[in-house]
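There are 2 protein chains.
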Amino acid sequence: MNSRRHLEILKSVVRKSERKIALVVLDGVAGYRTTNNPVTELEAARTPSLDRLARRGSLGRVIPAIQGLAVGSGPGHLGLFGYDPTDPMNEIGRGVLEAVGIDYPLKKHEISGRGSFVTLDRTGAIVDLKGGGITDGECKRVCARMQAAVAEPIDGVQIKVLPVRDHRFCIILDGEGLSSALLDTDPERTGVPPFQPRGTDDSISTRRTMTIFAIAVTRMLDAICVEPKANGFVLRGFSRDPGLENLQTRWGIRAAAIASQPLYRGVAKMVGMTPIPTGHSIADAFRALFGAWNDFDFFYVHIKKTDLAGEEGDRAGKIAAIEETDRFIESLDSRLDDVIVVTGDHATPPQMRAHSFHPVPLLIASPFCDVDDANRYTERESIRGSIGTVRACEVMQLALAHSGRLRRYGA
Amino acid sequence: MNSRRHLEILKSVVRKSERKIALVVLDGVAGYRTTNNPVTELEAARTPSLDRLARRGSLGRVIPAIQGLAVGSGPGHLGLFGYDPTDPMNEIGRGVLEAVGIDYPLKKHEISGRGSFVTLDRTGAIVDLKGGGITDGECKRVCARMQAAVAEPIDGVQIKVLPVRDHRFCIILDGEGLSSALLDTDPERTGVPPFQPRGTDDSISTRRTMTIFAIAVTRMLDAICVEPKANGFVLRGFSRDPGLENLQTRWGIRAAAIASQPLYRGVAKMVGMTPIPTGHSIADAFRALFGAWNDFDFFYVHIKKTDLAGEEGDRAGKIAAIEETDRFIESLDSRLDDVIVVTGDHATPPQMRAHSFHPVPLLIASPFCDVDDANRYTERESIRGSIGTVRACEVMQLALAHSGRLRRYGA
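Those sequence lines, one after another, are chains G and A. If you're matching positions, the first sequence starts at 1 in the working numbering and goes up one per residue. If you're matching positions, the second sequence starts at 1 in the working numbering and goes up one per residue.
Don't take every hint at face value.
Because identical chains share one entry, a pair is satisfied inside a single copy or across any pair of copies.
To be verified - Listed next, the in silico DSBU-like pairs over lysine-lysine satisfying Cα-Cα at most 35 Å (straight line):
1. Lys-229 <-> Lys-16
2. Lys-305 <-> Lys-107
3. Lys-16 <-> Lys-130
4. Lys-269 <-> Lys-11
5. Lys-160 <-> Lys-11
6. Lys-20 <-> Lys-130
7. Lys-130 <-> Lys-11
8. Lys-269 <-> Lys-107
9. Lys-229 <-> Lys-140
10. Lys-108 <-> Lys-11
11. Lys-305 <-> Lys-269
12. Lys-160 <-> Lys-140
13. Lys-269 <-> Lys-20
14. Lys-107 <-> Lys-11
None of these hints come from the bench; they were simulated from the model.
Construct all of the structure, not just a fragment, from the sequences and the given hints.
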């Protein structure tokens, strides 16, 4: 695979630098123009600080993964951190994302699956895929009930049942020599029972894992059969930590993550970032950033509000979130000798109320950037920026280059 | 190869949609500007309908296969259909293209080679590479003569000799267990005899095929040795149908091909499109398109005139072909909820009278497209379009994304 070879080359030319790199990710920030709405949220927002940064910086655009593909936050962020999310080596399973999303300290050998409570009828067929809409509290109670049923290890394997939210939970298999080659038990429709546990291969390890798992499933189902709503469950995305090379090893940088939500913090931890304690507000994020400024080389700052507004179709809210972020961007603008990168993990156009495939504007300000003709951090201006269109997994190497951390390759 | 993995990912997120996709391929439509000719044919043409579509659509540019590479119609179209023509798995041999080019219904097991009649002197050396310029009628007659000489199957293998045009014909080997690992017999110069039949490997299958083939060649040469012009032949591009995954399997779409010429219809059939009967005029093509509109999800419409004019260096003719197409594009403009894609399979600049490596403008109009600042379907405007520069094999996934057929990837 090409990108692996490119990575090898880049790693061979890394050197030290004192310059800091701040990567500000405005979640879902990009949008698109329509005939009736000829300006995007980024264009409509008043952004004096981003404008100033854009004037002295270079602009470009990011394709999160593949042309035409809308990505989730997991692959979107992995890409920005320099890990090609389309490379199977970098794949983070659903189960793992769910575990890191509740701040569970997943160990390398553990298998994690994503669970959903369902309601079963007398014949065992699913009648409700969301467990009758149970509350967080009920979820916690039913999970405790299941946990009690599998309190004893099975063949040395400890089962952990962790409530997530609503009808969702997480199941962890903690033991040696387990396999993650287990199929989903979720038929994704009502009227049929959940699938029996099955493996995707016939190895000894998979067969043993499947046997242990089948025993656990039976015990847990027995424990909840009297529940009025959550009397069954389906499981998906069995996976383990892919063991990604960390940023310190790869680039010799100490990286910090400033993200209040567990999923983002979790992905950042998986690439070796140190999570900095922070609150939910944008002010909290920038306070945490400057509090940690002297202790790290690289900072990932996550701004969630832009995506939330996009998902709700709230154009005004998205504009407000951009403007609020802009006020804090000002504090970065004075760092003329450092590298400031502003981008998003994907587009979330309010018109679509969903993640989309549209390119995301990218801004890099540094002592080495081309002061191009693109003067605002917007979709329109980024088209004529001097960085051009790059894949998300190329952003990290561009940031390193702009910090002077990449030596010349070859004579 | 990266693109295979990307394809796997894209296939994993396909969903249904009611939106139609119309891919209008203006063959060889792109050109380039010179100091003396500062506007291209697309710029010189009056194209009110394309202009309107461009204003509400997104523009970009297509690299047919690899930067700097001019492609033939085969690889050019394969790319636009989403099959990377540089992936050996997608290779369509010359022999196969020749067979589909005369509408021969090539079966999976058959081997096809491309033949050219030559004139041999008494020593057996080639004196004319085009068989003395024989007519279609003579070609047909000489082919029939050769066919009669190999009427009997050889070791169960039926040989078929099919006239194409001028001095060109096609030879088909129809039998079980054949190999296509045969070398060209064409020395590509006069003064030497054609090469003897040889295989490229030493497998049993190749050796058997070669033996059968050598017998056939001897019998056919004996049959035409008395011909005044076409008394010999050379053979190239032995190949079989690569068995491409069809569009229905890959994307769940029913695809129709509207192309009057056999080669285009043949390539379309190889990816599972249903050919719609049509005439040679642009009006015929659009009539066929709307006649089939309700029965398919995807439509490929081929416009040949632009390429023909380009090949002849006929700038005015190319402009006229663009303007003629534009009048029919109007009927697509009202399909606001569908996806209209306009592009070409390669450039054919009249200055070069040949296919060239220049990028080809791309236009996508859909409910989800960014209404960018590019307002005409021209080389100049497409540079500042919001799609950017993509490879031809990314056009299909962009079309699918714009039709809402690709779900989000990852959590």
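Evaluation of the provided hints:
1. Proximity of Lys-229 to Lys-16 under the C-alpha cut-off of 35 Å is restricted to the inter-copy arrangement: shortest distance 31 Å between copies versus 58 Å within a copy.
2. Taking the shortest alpha-carbon separations for Lys-305 and Lys-107, only the intra-copy value of 31 Å comes in at or below 35 Å, while the best inter-copy value is 58 Å.
3. Taking identical chains as interchangeable, the C-alpha atoms of Lys-16 and Lys-130 lie at most 35 Å apart only when they sit on different chains, with a minimum of 23 Å there against 51 Å within one chain.
4. For the homomeric pair Lys-269 and Lys-11, the shortest alpha-carbon distances inside one copy (21 Å) and between copies (30 Å) are both at most 35 Å.
5. Taking the shortest alpha-carbon separations for Lys-160 and Lys-11, only the inter-copy value of 34 Å comes in at or below 35 Å, while the best intra-copy value is 39 Å.
6. For the identical chains of this complex, Lys-20 and Lys-130 are inter-copy neighbours only, at 33 Å across copies versus 46 Å inside a copy, given an alpha-carbon limit of 35 Å.
7. For the identical chains of this complex, Lys-130 and Lys-11 are inter-copy neighbours only, at 27 Å across copies versus 46 Å inside a copy, given an alpha-carbon limit of 35 Å.
8. Proximity of Lys-269 to Lys-107 under the C-alpha cut-off of 35 Å is restricted to the intra-copy arrangement: shortest distance 12 Å within a copy versus 51 Å between copies.
9. Taking the shortest alpha-carbon separations for Lys-229 and Lys-140, only the intra-copy value of 14 Å comes in at or below 35 Å, while the best inter-copy value is 77 Å.
10. Taking the shortest alpha-carbon separations for Lys-108 and Lys-11, both the intra-copy value of 25 Å and the inter-copy value of 30 Å come in at or below 35 Å.
11. For the identical chains of this complex, Lys-305 and Lys-269 are intra-copy neighbours only, at 21 Å inside a copy versus 49 Å across copies, given an alpha-carbon limit of 35 Å.
12. In the homo-oligomer, the alpha carbons of Lys-160 and Lys-140 lie at most 35 Å apart inside one protomer (13 Å), although the nearest pairing across protomers, at 74 Å, exceeds that limit.
13. Only within a single protomer do Lys-269 and Lys-20 lie at most 35 Å apart by alpha-carbon distance; the minimum there is 19 Å, versus 43 Å between protomers.
14. Proximity of Lys-107 and Lys-11 under a CA criterion of 35 Å is satisfied in both settings, with 27 Å inside one chain copy and 32 Å between copies.
The structure is consistent with each of the numbered hints, conforming to all of them.
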